[in-house]
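Colleague: In order, the protein sequences belong to chains A and B. Just add 1489 to the spot in the first sequence (first one is 1) and you have our numbering. Just add 60 to the spot in the second sequence (first one is 1) and you have our numbering.
Just so you know, these hints were derived from the structure itself, not from any lab. By construction, the Cβ of each residue, glycine as well, lies at the ideal position given by its N, Cα and C atoms. Treat the hints loosely; a few may be bogus.
Unchecked claim - Computed cross-link-like contacts, DMTMM-like style, restricted to lysine to aspartate or glutamate with a CA-CA straight-line distance of at most 20 angstroms:
#: 1; chain 1: A; residue 1: K1716; chain 2: A; residue 2: E1766
#: 2; chain 1: B; residue 1: K519; chain 2: A; residue 2: D1559
#: 3; chain 1: B; residue 1: K349; chain 2: A; residue 2: D1559
Claimed, not checked - Derived CB-CB ranges, DEER-like:
#: 4; chain 1: A; residue 1: K1562; chain 2: B; residue 2: L359; range: 23 to 29 angstroms
#: 5; chain 1: A; residue 1: E1517; chain 2: B; residue 2: S351; range: 28 to 34 angstroms
#: 6; chain 1: A; residue 1: N1600; chain 2: B; residue 2: L449; range: 46 to 52 angstroms
#: 7; chain 1: B; residue 1: H74; chain 2: A; residue 2: K1697; range: 55 to 61 angstroms
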Amino acid sequence: MNILKVENLTKKIGSKTILNKVGFEINEGEILAFIGPNGAGKTTTIKCILGLQKINDGYISINGYDIKKDFIKAIEYVGCIVESPDVYMYLSGYENLKLQASLYKNIPKENIDNIVNLVGLDKRIHDKVSKYSLGMKQRLGIAIALLNSPKLLILDEPTNGLDPEGIKELRDLLKKLAKEGIGILISSHNLSELESFCNKVCIIQNGKIIEENSINNIKTLKENKYKIKVSNTKKITKYLTKEDQIIDDNYFIVIKDEDSIAEFIKKLVLKDILIYEVTKETISLEEIYINKAGGNKID
Amino acid sequence: MIKLIKAEFKKIFHKKSFLIVTLIFIGFAFLTNFLYKSEIMEETYTYVDIDELKEENKTLNLNLPEDLNTYVNNLTTIEIENLKSDFKDYKELIIKYCSDIIYNSYEAKYISKDLAKYDNYQQELNNIKTKITNQDWDYFTNINHDNLIDSLNNSNDSNDKEYLNALIKLNEYRKTKNIDYNDHNYLNKAINNLETNLLEYFNLKNISNRTSDEEEEFDNIKSIILINEYALTHEVNTLSHSNLNSVLSNFTSEFGLFILIYVIMLAGTSVSEEFNKGTIKYLLTKPYKRSTILLSKLLSILILIPIIILAMVLIEILIGGIVLGFNSLNVPDLIYNNVTNSLVVRSIFSGLFLNIISVLPIYIFIGIVTFFLSTITMSTSAAITITFLFYLISNVISNLATIYHLSIFKYYISLNWDFSYLVNYVPNPFNLTLTWSLIVYFITTLIILCLTFIYFAKKDVKNI
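So here's chain A without its partners, still in its complex pose (with noise of 0.2 angstroms):
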């Protein structure tokens, strides 16, 4: 089922068009990871759907509710951190729990208690806000979108100030989430961080969305390299084709599909060479972003 679906996004300020027709789905355990240069319309995008601002044209349904018509009952189930997480400085980290919870109906203490061990706060939540660190306060805006039990959650750069411990953790929390059937939408700069856990991609550009696919589906589109270690290259030069290539003198690479590769190893072995090493070359959603993007540096 479809949790979020965004359709023909249109968002003008002035005359300058912001977004143009953007449109994607997250269904229900998927993750997206949505990526774009500063300025792309990333954050808009993410106000548009939690109704933060005014959409021009377009539609915009959650949990199969349009935003325009059914705003309270379609955001009833979003879990969100939009920019930064901004809480209130003057209140502890568990009065701010308690205030953003207040504002649902029935969310018992032990969910705060248990949402603030998740997070692993337990120990400085009834600190104020104002004496947390930038990764604390991540923490805690984590926290606030999980309270109401959210069937989507969207986080805008939630890894901003997480060591990468925290970053661990997010990521495994993220991937239990998604397992229970939420659908997520992630914007990150660290595109090596998403694509290790992510089920899709959006690219967006200037307010357009430039691709969107599943995430195998987009490392499928190039062959596979293999990096293979030998005693001295120069011994097989002659098994190479033209898109292979020797780095050095114990290093190459060779592009071959899973089925070939095994076949030029055992080949490479009956002629006496030895592999040290094979390792298998994994195209990055850098790479495809930037093939993509072409080549615009992200942010």
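With chain A's structure known, arrange chain B on it following the hints.
Modeller: Quick look at chain B alone, frame taken from chain A:
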């Protein structure tokens, strides 16, 4: 909606600025009450430099008649001042009964050179001193009575006779109640006040065609007379200004500025701060309509205004009670009703309540204006500054409108937001009817509210 309002209260009470203003208010309340208390010490008599007069006397040539006159006058003044410092609480009495005797004694000694007469006067003076020390008030009322009867017999003017008869009645009241002439005795004060104002009262009363100025003066004197009469007949001290009662009856003028500060502070930050700090993003992604969110913000302010005023009153009663004592709280609040020419008597609490209710529309309107400015400018400082300017300019416009009778301003809000004239029983200062004021007030408020809600519903949350 109730959840939203509760959340608003929580935010407001956690703000430091709220606490700071409250602390300043408590300090201010202490100062104000001390100021009222210090009015006891207030010296209403002009200060006389006795040493300077003594020096002057040394330089005078007593052979010259003018110098001799000055000499006698100076001696009289010095003697009176000395007496006043001997009998600190009986200054009025000394001025009234001793001035002539002292002057006459020195006149007898230095000008007429009649030492026997001088001795007589000195004896009389000593007699008065013992009477004051023994608190023999009958002595003075008797002298006064005799003087008044004399004047009455010599008078032909009907005004004068009416006036003198009133004074005789007052003197009899004094005598029967054996009223202490102490300057701080409110009954004595009331009688003195009546004595000084009665002449003017009878003069104005008997003018057949009073001009508007005279009419105003007459109203003023009538109110003074009624208030002093009330103090005498009910034997309650409604005259003192250095008590809690007096602070409370001036509550809205003494502490109005603080109500204004609270209102502007709450309404000016409510919306703009959420936008500036980015917290609005969480608020607007909660399952509520935008109009519900804005309404709950507005309502929380409107609910808090009377609650804050009530808290201010309680704080003031507590502080005022500590500084000035609580015993004046049962003294009634007296208001002269200009229309029926009678005295309205109400308890201090109902008076305070009516006063606050009558000016509440000002603060509610100011709150709504600040709220509007805070919503459309998204700037707390702009909202607060512009509102203060608006308030100042509105007061200027009100004043201009009264002075020049400008009728175009009758549509302007500040001529229609203050209803205190109703509870003070004076005519509307701008000659506007209550219905007119209410219509202008509600239409202006409605327009501003509509603009606020329309703007907020369409507002995009910009990137920070």
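Colleague: Let me make sure I understand: some of the numbered hints might not hold for this structure. Which ones are they, in numerical order?
Modeller: 7
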